[in-house]
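> If you want the building blocks of each chain, they are given just below.
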Amino acid sequence: TQLLEQSPQFLSIQEGENLTVYCNSSSVFSSLQWYRQEPGEGPVLLVTVVTGGEVKKLKRLTFQFGDARKDSSLHITAAQPGDTGLYLCAGLLYNAGNMLTFGGGTRLMVKP
Amino acid sequence: NAGVTQTPKFQVLKTGQSMTLQCAQDMNHNSMYWYRQDPGMGLRLIYYSASEGTTDKGEVPNGYNVSRLNKREFSLRLESAAPSQTSVYFCASRKAPGTSGRIRDNEQFFGPGTRLTVL
Chain G
156 TQLLEQSPQF LSIQEGENLT VYCNSSSVFS SLQWYRQEPG EGPVLLVTVV
206 TGGEVKKLKR LTFQFGDARK DSSLHITAAQ PGDTGLYLCA GLLYNAGNML
256 TFGGGTRLMV KP
Chain Z
964 NAGVTQTPKF QVLKTGQSMT LQCAQDMNHN SMYWYRQDPG MGLRLIYYSA
1014 SEGTTDKGEV PNGYNVSRLN KREFSLRLES AAPSQTSVYF CASRKAPGTS
1064 GRIRDNEQFF GPGTRLTVL
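Same order as they appear, the protein sequences are chains G and Z. Counting in the numbering used here, the final residue of the first sequence is number 267, and the numbers go up one at a time with none missing. Counting in the numbering used here, the final residue of the second sequence is number 1082, and the numbers go up one at a time with none missing.
Rather than coming from a laboratory, the hints here were simulated on the basis of the structure. Quantities reported herein were computed from a predicted structural model and do not represent experimental measurements. Among the hints, erroneous ones may be present.
To be verified - Simulated pairs of lysine to any residue, SDA-like, Cα-Cα distance not exceeding 25 Å: (1) Lys1058/Z <-> Lys266/G; (2) Lys1058/Z <-> Thr232/G; (3) Lys972/Z <-> Thr1018/Z; (4) Lys214/G <-> Leu158/G; (5) Lys225/G <-> Leu158/G; (6) Lys266/G <-> Ala965/Z; (7) Lys225/G <-> Lys972/Z; (8) Lys1058/Z <-> Asn173/G; (9) Lys214/G <-> Thr968/Z; (10) Lys225/G <-> Glu1070/Z.
As the list claims (entries may be wrong) - A short, non-exhaustive set of chain G residues, derived as facing chain Z with CB atoms under 8 Å: (11) Pro163; (12) Ile168; (13) Ser186; (14) Gly197; (15) Pro236; (16) Thr239; (17) Leu243; (18) Met254; (19) Leu255; (20) Phe257.
To be verified - Incomplete in silico selection of chain G near chain Z, CB under 10 Å: (21) Gln157; (22) Ser162; (23) Tyr177; (24) Ser182; (25) Val183; (26) Gln188; (27) Tyr190; (28) Gln192; (29) Thr203; (30) Gly207; (31) Asp222; (32) Ala223; (33) Leu247; (34) Thr256.
Note that CB positions come from ideal geometry on N, CA and C, so glycine has one too.
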């Protein structure tokens, strides 16, 4: 069992639909990051959330950090084919110093 | 700025062979990391180096060794490759040597990856 559980693992939707990806844990994180990874490339950071209850928006992407800092969600409005990729959440535990803990990832495909 | 670079991009080894994966960053970052990525597992930390001259084990260090050659370079060595080490390997770097109060200093920047197959 992973410390950070992402759901769903796979998601295939039509262009224009909305979707939400979840990242859950029983542990408390000092911060949580969301990355997007495209085939053949390394992950690229999208956002970092730090405060419990925090909401950040990046164009059509909305990120929320849970009040208890144990979970996070990523909501995409009106998905486009360019949103296709692997979405990864990663948390920094309070006593982990340098080490990020990654979730298993959500593979999103947006069909035109 | 090239960011984080990795060589080689692809490699095929036979069981028992050795090789070194190279990583370099030009962002003057303090911390560097080696991860492996397997389907459905996300990224798992192999080793990291919080600053030049220090290295520490991550979640899955067995079968690997690392060297922080200088502030720019962090290499990963497989002494005797096994099929279980077939994976995609990513190097990453971060500005802060430890947890920083500044969000930007905690962000990790990744290289393009090395796809390794061990037969």
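> Any CB of chain Z closer than 10 Å to the CB of Gln157/G?
Since chain Z brings a Cβ to about 7 Å from Gln157/G, closer than 10 Å, the hint holds.
> Need the status of pair Lys225/G, Glu1070/Z: alpha-carbon distance at most 25 Å?
19 Å, holds
> Holds or violated: Thr239/G as interface residue toward chain Z, Cβ cutoff 8 Å?
Violated, because the Cβ-Cβ distance from Thr239/G to chain Z comes to roughly 17 Å (cut-off 8 Å).
> Would you settle whether the hint for Ile168/G is holds or violated, based on the nearest Cβ-Cβ distance to chain Z being less than 8 Å?
20 Å, violated
> For the pair supplied as a hint, Lys214/G and Leu158/G, confirm whether the alpha-carbon distance does not exceed 25 Å.
Roughly 29 Å between the alpha carbons, so the hint for Lys214/G and Leu158/G is violated.
> Can the hint on Gly197/G be confirmed by a CB-to-CB distance to chain Z that is less than 8 Å?
3 Å, holds
> When you check the alpha-carbon spacing of Lys266/G and Ala965/Z, does it fall within 25 Å?
33 Å, violated
> Tell me if Leu255/G is really an interface residue toward chain Z, meaning its C-beta lies closer than 8 Å to one of theirs.
Where the cut-off is 8 Å and the nearest Cβ of chain Z is about 6 Å from Leu255/G, the hint holds.
> Does Thr256/G pass the interface hint, meaning its C-beta sits closer than 10 Å to a C-beta of chain Z?
8 Å, holds
> Has the given pair, Lys1058/Z with Asn173/G, been kept, meaning a C-alpha gap of at most 25 Å?
Outside the cut-off at roughly 35 Å; violated.
> Should the interface hint for Thr203/G be scored as holding, given a Cβ-Cβ cut-off of 10 Å against chain Z?
5 Å, holds
> Ser182/G was flagged as interface toward chain Z. Is the shortest Cβ-Cβ separation under 10 Å?
14 Å, violated
When each numbered hint is compared with the structure, violations occur for hints 1, 2, 4, 6, 7, 8, 9, 11, 12, 15, 16, 22, 23, 24, 25, 30, 31 and 32.
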